[in-house]
Amino acid sequence: MRESSSVKDIRSSSVECRPSPMRQFSQSSLPLNRNYMLSDFCKEHNVQECRSHINQEVSSLGLQPVWTEASGSSEMNIIAVLNCMYDLIQLHHRGLRTLENMEVEQLKTSSNVDFLQLNATHLKEQLELSKRENTGLLERERQLQLKVKTLQNSLKNEKEEVQKLQNIISSRASQYNHEMKRKEREFNKLKERLNQLLVDKKEKKQAIDVLNSIGRADGKRSLWKTVKTEAKHEGEMYKTLLSDYDTRQRELLLENAELKKVLQQMKKDMVSILSSRKNALKEDKHQDAGIQADAEEEEEVFDSSKESVELYCDQAREKLTNNIRLQWRRLKSHVERLDSQASLAQRGENKNSDAVARETHEDEMDGLKLEIQQCKDFIQTQQHLLQQQLSSPCDEETASLLSDCFMLQEKERFREEWKSLEEQRKIFERERRNFTEAAIRLSHERKAFEDDRALFLKHQFLSLSPFADTNKPQMTKSKSAFLISKTEASAETAPENLIKCRSGTTSPILRCVQLTPPPTDDLHRTFCLMPDKRSTKPKRKIDHGEESRISLNGNIPVQRKQWNDSEDQNSHSHPKEKTSSI
Amino acid sequence: MNFSEVFKQSNQLCKVSPDGKYLATCVQYRLVVRDVGTLQILQLYTCLDQISHMDWSSDSLFILCAMYKRGLVQVWSLEQPDWHCKIDEGSIGLVSSRWSPDGRHILNTTEFHLRVTVWSLCTKAVSYIKYPKACQKGIDFSRDGCYMALAERRDCKDFVSVFVCDDWHLLRHFETETQDLAGLEWSPNGCVLAVWDSCLEYKVLLYSLDGRLLSTYSAYEWSLGVKSVTWSPSSQFLAIGSYDEKVRILNHITWKKITQFEHPATISNTKAVVYKEVVKRPAVGSDDLSLHNITIGTTLFNTQSKYEICPTPVQLPVVKPDPDRANPKIGVSTVAFSSDSRYLATKNDNMANVVWVWDMQKMSLEAVLEQTSAVRCLQWDPRRPRLAVCTGNTKLYLWSPAGCVSVQVPTEGGFQVQSLNWHCSGDSLILLGKEQLCLCYMDHDQEDK
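Protein sequences, first through last, are from chains X and U.
Under my numbering, the first sequence has 376 at position 376, and the numbering climbs by one with no breaks.
Under my numbering, the second sequence has 1211 at position 211, and the numbering climbs by one with no breaks.
Heads up, a few of these hints could be off.
[As the list claims (entries may be wrong)] Just a few of them, taken from the derived set where beta-carbon distance is under 10 Å, the chain X residues facing chain U: (1) Gln175; (2) Asn177; (3) Val199; (4) Lys201; (5) Leu211; (6) Leu253; (7) Leu254; (8) Asn256; (9) Ala257; (10) Val262; (11) Gln265.
Since the hints were made in silico from the structure, they are not lab data.
Each residue gets a CB set at the ideal place from its N, CA and C atoms; glycine is no exception.
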């Protein structure tokens, strides 16, 4: 420490002023080192002095003296000198190094000082600024406080004003009310007076002029006012009130019943849900004694509530509502727990689902693809087999089956053909019969003709004779002609008869329908009235409903006509049939 | 849909008899009775002066014609045309005349509401009811015709008297907790009487038939209150329209509010269908726009209009009322239930072009009809959920759950529908113009659609 300070001193002295020889030396040594210039310190004549001086200097520096008296010789101990010089050079080097360090240090510190000075000025400025701000804020605060004060004042004033106004209003209102009452009283007095005057005035009195008085709407006579009627009125009033309350009570009862039903339903649902939960918990073996107790309690609650639903007293109701509340709370917590579980599970799933799902999906896909391929193969083989079967002569069973099929079809076809043939046969039969009949007739005719001819010949023959009879052959001729026509007619009527029979079969149905007309008839009659009414209305558009009604009206008579026609037909056809049968 | 020819009418006095068979119209001082079906004139009566009010008796046998200026009431019989009855209120004056539910008594309210005179056509007897209150709706008969509730004012306090209509026996008389009673109305089942205060205070009181106070309802204080009150036909709901543009629905058990329907200027409810009337004027060339053509155009060119369904949200036109004027045009003034109590139609006065239809089962907005002009009158079909609306132009608008139509009234001379009335069968509508009337027949198939 001291050393350094001394060194500093030395340096500082060397820097600032150099009065001492040492300094001179150090100063001279520097150029000596640099320029190798010889100093004129030591000369021939003052070697001794120089030696002693250097010796002194060196010892003062704490080095070994270069030259000792003890040696006694003027010769210098070269080793010692050299050592001394070396030491001196070392010293000098050290001095130089410390000097450099010192210089760097000095630079650093000076810059530091500068920085600190700058900082200080900054801070000072800031301080100034904040001081100014502070004063500004203080000023503002003061102003605001002033404002608040004025506002408070004005508020107070306003409040006072409001109070005053309210007072004024109320006083005015009371005054106004008072005036009103006064005026009203006056008005009433005036009314009274006017009434009196009008009653007193005889010239234009109130009057009723009725041609002849009419009866009461209910046809009763008016009753005298008695205590009895009063009581009756009271009774009626209370009756209406009572009935109103009655209906209201009934409505409420109904509503209550409905609500109770809902409540019961809810309770049932809750019980089922909660009981299932209980079971689940039991299975999970997560339940502890507390929950067990809870469950038991629940059961009790359910039982008690079941009873209380039927009860109506207040206590029961309270109990019921409490039970419901309790259950509801449990359900809510349960649902909440489920919810949280579900969300947790979902989250877990979300984490794992991707990896797992893809794998499983792929597996599944592969499986399904395989299955599809298998199915396709299966179908192909089936198809193949089927084709083979069809192309190759199939086995007997299927052949018989097929043949059966074909046989059936054939049979069907044959039957059809058979039917048509049968019909044709019938027709042929009929024709044949006709033909035979015709042949018979022909033969008959021929016979008749033969007879006629024979007769004719006979007659002719006889005519040659004097006996003549012309009438006879004509008659027979006409007879035969009639016969032919009649048979023809019968042949013709045959199909007609058939048709009539058909109409006869339908007639019962029609008759059945005929039973319905009376109501429609009535309807028709009523409807008939309506269009009459409408038609008289001017400019009235016929709406769709009416249109349809009218069209109905139109329909009904037509239908009726049809029925009538059919009836007529029937009635006509019956005689026809009869005639034909006759 | 079809329309009859146009008939004359004055003072919009035109009524169908309660049994639906006859149509009575007043033309100046004549009373014309027609058959509803044929529109043939059945009877023609001549009154002493211009008729200012006309009404059918409940049994459709008599018609009352009041001439308020002369203080006269004339009654005509349909069965006996030569029968007549004249009631002269004398110098006491007459401001209102009405039938009692039995059709045998006439209740006349004298000028200044001095009293109500009850004239009996059976016995010619007269009875007086004193202190009737002059208010929005001071007299109401129960639906079954048994009871009459009358608002009274005595000693600056409101009272309600319940009379038995049979013999005008005073059944109950009680003071109501109102500042200034504005109206009263029986529930359709006749067991509850709704009483409401004047618009200065929101207060609805519900009294039982025996005079017990069942409940009091007040939605808010200070600002203007009740504007309209209507019972649902099922007596289940009481709808209260108020100056705050809301309708509040009370239930019949607890008499508490079930819900409230607001009438916002912007409809954002996606479930509601917004029908907007769009007018299409026939294209007219520029040279046709002379004064001559324009004057004819109003009668010749019938502007076509149709409904378009607007996607929500929809901005509705709102008129800001003048706050300095009395009876500001704001708030729900019309509340009407459909005959099956399923739907509720309302009109908010500061959105006069808009009709709101609410579903009472879902308790939500069902449809909004935005018209091009202010709605004059709306009425439900007495049989079906079908709403007829008119806006003082030549068109009739119908809404049903299936949809909405606008129909041009095909009459010459610009028949402007000011008011409308359903026939009790729901098959026809009576459209009233300024001086004319016309019948509109409904299609039957419409209900099937």
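Original post:
What hints, given by number in increasing order, does this structure fail?
Top reply: 1, 6, 7, 8, 9, 10, 11
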